[in-house]
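Q: Generate the whole structure from the sequences, applying the supplied hints.
Residue numbers (numbering that gives the first Met the number 0), protein chains in the order written: chain C, 0 to 193; chain G, 0 to 208.
Everything labelled a hint here was simulated from the structure, so no lab data went into it. Be aware that a few hints might be false.
Selected chain C positions facing chain G (Cβ under 8 Å, derived; list incomplete) [what the hints assert, rightly or not]:
| no. | residue |
| --- | --- |
| 1 | 18 |
| 2 | 45 |
| 3 | 46 |
| 4 | 61 |
| 5 | 74 |
| 6 | 80 |
| 7 | 83 |
| 8 | 87 |
| 9 | 91 |
| 10 | 93 |
| 11 | 172 |
Counterexamples of contact, computed for chain C against chain G with all Cβ distances above 12 Å [what the hints assert, rightly or not]:
| no. | residue |
| --- | --- |
| 12 | 1 |
| 13 | 12 |
| 14 | 19 |
| 15 | 35 |
| 16 | 57 |
| 17 | 96 |
| 18 | 181 |
DEER-style ranges, computed between Cβ atoms [claimed, not checked]:
| no. | chain 1 | residue 1 | chain 2 | residue 2 | range |
| --- | --- | --- | --- | --- | --- |
| 19 | G | 112 | C | 96 | 27 to 33 Å |
| 20 | C | 171 | G | 148 | 52 to 58 Å |
| 21 | G | 181 | C | 0 | 53 to 59 Å |
It should be emphasised that the depicted structure is a prediction, and the values quoted were computed from it without experimental measurement. Don't be surprised by glycine CBs; every beta carbon is placed ideally from N, CA and C.
The primary structure of each chain is shown beneath.
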Amino acid sequence: MDDKTLIAKRVALEMKEGNLVNLGIGLPTTVPRYLPPGVEVYFQSENGIIGMAPVPGQGMEDPSLTDAGGGFVGAIPGAASIDSCLSFGLIRGGHLDITVLGGLEVDERGQLANWMVPGKMVPGMGGAMDLVTGAIGYFQDVIGFGRRIAMLAVGYGPSEEPGGAEVARWMRTVLPDLTIDWWPVPDPSWIPRT
Amino acid sequence: MIPEGASLMIGGFMGVGSPHRIIDELVRQGRKNLTVIANDTATPNFAIGRLIAAKLIARLIATHIGLNPETQRQMMVGEIAVELSPQGTLAERIRAGGFGLGGVLTPTGLGTVVAENKPTVVVDGREFLLEKPLTADFALLAAHRADYRGNLEYLLTARNFNMVMATAGRTVIAEPEHIVPTGVIPPDMVATPFVCVDYIIERCAVNGR
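A: Laid out in structure tokens, this is it:
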């Protein structure tokens, strides 16, 4: 099993029945393949659909139905088309249960300070910043509910570890009253004891 | 109708829901020095990527250019001035411009380079970044169907930025796949009302999309 499949499978284990899940570009779009049997979740694609599904089959592609990377996808019965304002209203407003960001975005968190250095790759933040802002909303909800511990799991490659640490550093500045720990976990099958 | 140096909002997400025929015509006429506000620049030589390839864009406000290396190259060598904006922020800045609001208060981008040189506002103890509204000379939209009045209906993820941009262009040109008689699109299916739309031009088949 290659690294990307391993990460996607591990992320899929986090999905719970009825969750609203956002998938970013790249590796995250492969996560639905590895959902635990019997678990039904709803995928939001930031470009404007709730209820994204795998492409129905060759020849069935709809040019008006794609994921955030521009690849063809399908839709479940009961799916909803939404425009960009509503899509990011849901994201920024904390209506998502889980966000899966691709390595590019996580990596970029660490690179943000350098994004105008000539000669360096500058992909742009796309929707990643709004998604992380939504995660802050999640933590604030958790505090509001009186829970004492919350976990945000981010799949990453070794080269993205500095980016992950940077996210934690940034979150400490946004949530100064909260103890925020960053744990690099090399074993992808690691599950926290509850 | 669109002069050199015009500012354009262009709908679409990676080319899905982009007005391909209008873009092709801008390329054919070689309209230079454009300011473009859009989510992305698609891929090289596709959709908005065609304007990039033809070097017609002088200034770009977008959220993501990672899938078009040519945009990045032109930015590096200083041929294009690029302002990157978080995607939700871009959508709301356009909405503010179109809806007559003075700006957007958003938590997105606080504590990062996005917040540099921008004022912050504290509301009930929470800090927000003040992002300014956006408008443009022209909004160029794609739609599934338009009726003769200009009511627009979209399909699936081809809706994206088209709906909000319809409010923020001083002149709004829509490119539907089909133009149908008034009344064919039921009121409940109209996503963009005709009052927002100035001109419609049928898609015809271009680029397969």
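Q: So, for every hint listed, does it hold in this structure?
A: Right, here's what the structure says about each hint:
no.	hint	verdict
1	18	violated, 20 Å
2	45	holds, 7 Å
3	46	holds, 4 Å
4	61	holds, 7 Å
5	74	holds, 7 Å
6	80	holds, 5 Å
7	83	holds, 4 Å
8	87	holds, 3 Å
9	91	holds, 5 Å
10	93	violated, 10 Å
11	172	holds, 5 Å
12	1	holds, 22 Å
13	12	holds, 28 Å
14	19	holds, 16 Å
15	35	holds, 27 Å
16	57	holds, 16 Å
17	96	holds, 18 Å
18	181	holds, 16 Å
19	G:112 x C:96: 27 to 33 Å	holds, 29 Å
20	C:171 x G:148: 52 to 58 Å	holds, 54 Å
21	G:181 x C:0: 53 to 59 Å	holds, 57 Å
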